[in-house]
Amino acid sequence: MGNHDNRTGLLQRVASRREYGALALLVVTVAVVSAVNPSFLAVGNIRDLLVKCAPTVLVACGMTLVIVTGEIDISVGSMMGLLAAIMGIMTSSDRWGGPVWLGVVVTLGAGATIGLVNGLLVTVARVPSIIVTLGMLTALRGLTELLMRGEWIENLPAGLRFFGTGSVWGIPFCVVTALVVVALCAVLTRDTPLGRRIYAVGSNSHSAALAGISLRRVKIIVFTITGLLTGLATLVSVTQLSVIESGIGVGFELLVVTCVVVGGTSISGGRGNIIGSVLGVLLLGTVGTALIFLRLGEQATYWERAIQGVFILLAVLADHVARRKERLA
Amino acid sequence: MKRSFRYWHEVVLAALLVGLLTWAGIVEPQFVRLPSQVELSTHMWELALLAMPMTLIIITAGIDLSVGSTLALCAVVLGLTYERGVPPVIGAAMAVMTGLAAGALNGVFVAKVKVHPLIVTLATLAAFRGIAEGISQGRPMSGFPDSFAVIGRGSCLGLPIPALFVLAAAGIAGLVLMKTPTGRFLYAIGHNETATRFSGILVDRIKLWLYSLSGGSAGLAAVILVARRNTAKADLGAGMELDVITAVVLGGTSIFGGRGNILGTVLGVLLIHETREFVSWHWNRDELNLVVIGIVLIASVLLHQVFSRKSSRLDAMG
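Here the protein sequences line up with chains H and Z, keeping their order.
Each residue of the first sequence is one higher than the one before, counting from 1 in my numbering.
Each residue of the second sequence is one higher than the one before, counting from 1 in my numbering.
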């Protein structure tokens with residue numbers, strides 16, 4: 001975490017920072033694809049790629065905090081589905097037709113509330129987080145389908161659709177949001193007492209508790225942040241679509257956890273950082289787009305998930321090799 | 001309080017199951033008749049089959065998220081070999097072998113490379129489904145002969161054939177856990193892996209076998225599912241890993257390892273199955289199911305925590 005001995009070699013420092021694995025794979029992928037097809041680097045394509053990655057980045061920031069404390073949240077995909085349904089029902093002119101600000105407040109508020117409930121169940125009720133969020137994953141999806149009654153929601157107000165399709169100084173609004181959130185979370189983890197507490201809780205909860213850190217408070221905060229960021233991700237991604245259906249966010253939790261892990265965050269807690277997770281999201285996002293730009297034809301797109309899976313195994317193996325070197329050194 | 005009786009969790013599950021069936025019998029008498037129950041049971045066999053090895057894995061504090069994807073991969077292998085003129089029986093054997101190999105790959109990463117099973121199987125969850133999509137190009141394959149459909153739909157000695165596989169799997173898993181040294185080692189690994197290793201137990205070999213068996217069961221489940229539906233497609237079994245884990249955890253197996261048994265898992269599977277079928281029978285609303293099952297899962301672990309809350313003062317400091 002930053003204060004490595006200056007005498008250690010560059011190679012060792014690279015090997016000891018796990019996010020470089022994702023960075024190296026990302027650089028290689030981009031280099032290979034743009035060598036085959038230079039239009040991969042066109043501004044329009046980069047823009048599309050960033051827009052595609054932005055919602056994942058938002059949730060991955062929260063997920064990184066949760067995983068660093070040694071917990072996990074696999075409810076984010078279903079949460080996104082439910083928040084999308086609530087947002088649509090509140091604001092669509094076919095339904096209640098509420099004002100835009102109300103839609104924003106309710107989406108963010110409901111997200112934070114569900115996150116808070118997750119946090120309370122994990123800490124106060126002491127149910128393991130994988131169970132709490134697995135239960136939520138199932139229950140929230142059911143709730144979404146009950147709310148949607150098998151119908152689509154159309155006609156979101158234009159003001160709300162700005163969050164998904166609008167631009168600020170030529171940069172898509174969702175990308176700006178993601179940049180701001182990444183910056184805030186990076187500062188939070190590095191330069192604030194809360195950030196240090198998050199790592200302390202994940203490294204050794206016993207010592208952290210003895211040092212007077214409230215495990216409960218820290219965990220409740222990270223789950224609530226994740227809920228809030230899922231609300232924000234819903235706000236900037238679902239509004240890109242012209243219709244809301246009940247399948248939004250299915251499998252999203254696995255994508256986010258995968259990106260965070262590929263970015264070098266340790267699943268057992270205490271290790272990892274925001275920038276690594278952003279690199280993880282960019283890497284997995286690039287794989288899908290890259291397959292199209294390599295001009296391998298229609299068949300290649302079916303292999304996207306297989307390649308993503310192999311990349312995760314590669315990142316894991318690289319980490320294994322790095323750790324073995326560290327032990328020998 | 002003396003701990004003399006160890007099966008309170010199972011008693012509570014059984015009581016819930018009886019309560020549910022009694023209620024169902026009052027409001028929907030048709031639902032509890034034997035023919036309807038046999039008919040509905042076809043929805044349960046794949047879940048039950050996968051839940052047995054999953055119980056053993058979770059007892060060792062591991063997890064296998066890849067079972068749904070392994071199932072899809074095996075189903076696609078079965079479909080593709082049949083299309084190329086391989087008899088379905090040999091195709092089925094190849095599907096099970098594929099499952100074993102896929103599981104062994106998980107096992108190697110968990111036991112030899114020593115990566116957290118959650119990460120390994122998250123990666124292979126994507127990879128196996130991806131390979132299934134890649135080699136089949138997302139295309140459904142059907143037209144299996146009737147003689148093959150027997151595996152999924154036929155019956156033998158008055159029992160559906162898939163039920164025989166499930167009973168065998170449950171019997172073996174239960175006996176291994178209760179009656180063999182290996183069974184004790186599984187609990188030991190779940191409680192304290194390092195200590196178990198230092199006791200000279202071949203932890204790595206046990207884990208390799210467990211994950212391989214889990215993959216093999218997914219292969220068998222794929223054969224049953226394809227035979228029942230007469231279609232093999234790369235999207236089979238999507239999200240099934242979560243159903244399986246829900247059933248196992250509902251059955252009282254601790255997600256942190258060291259605690260759990262097959263009887264609990266059987267009751268967990270039955271409870272989920274009956275709840276699901278009754279809700280869709282009575283209200284005709286499948287989505288209500290998800291809400292009920294999610295809440296039941298959290299509540300069951302919550303209640304367990306409340307009743308077993310006594311030790312570990314430091315935990316409460318947080």
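Calculated directly from the structure, the hints in this document are not laboratory data.
A quick note: this is a predicted structure, and the numbers were derived from the prediction, not measured.
Cβ atoms here follow ideal geometry from the backbone N, Cα and C, with glycine treated the same way.
Among the clues, some could well be false.
Unchecked claim - In silico negatives: residues of chain H with every beta carbon more than 10 angstroms from chain Z: (1) Val33; (2) Asn37; (3) Ser39; (4) Leu41; (5) Leu49; (6) Leu108; (7) Trp169; (8) Ile171; (9) Leu188; (10) Val243; (11) Arg271.
Claimed, not checked - Residues on chain H that point at chain Z, a partial pick, calculated with CB under 8 angstroms: (12) Leu121; (13) Arg141; (14) Thr258; (15) Ala306; (16) His320.
Hint check results:
1. Val33: holds (18 angstroms)
2. Asn37: holds (21 angstroms)
3. Ser39: Given a closest Cβ separation of 25 angstroms, the condition holds.
4. Leu41: Label holds. Min Cβ-Cβ 26 angstroms, cutoff 10 angstroms.
5. Leu49: Label holds. Min Cβ-Cβ 19 angstroms, cutoff 10 angstroms.
6. Leu108: The claim stands: Leu108/H keeps its Cβ more than 10 angstroms from every Cβ of chain Z (closest is about 23 angstroms).
7. Trp169: holds (36 angstroms)
8. Ile171: Correct as stated: the minimum Cβ-Cβ distance to chain Z is 31 angstroms, above 10 angstroms.
9. Leu188: The claim holds: Leu188/H sits with its nearest Cβ about 21 angstroms from chain Z, beyond 10 angstroms.
10. Val243: holds (19 angstroms)
11. Arg271: holds (12 angstroms)
12. Leu121: holds (7 angstroms)
13. Arg141: holds (5 angstroms)
14. Thr258: Cβ of Thr258/H sits 6 angstroms from chain Z, so the hint holds.
15. Ala306: Constraint on Ala306/H satisfied, holds at 3 angstroms.
16. His320: Since chain Z brings a Cβ to about 5 angstroms from His320/H, closer than 8 angstroms, the hint holds.
Of the hints listed earlier, there is not a single one the structure fails to meet.
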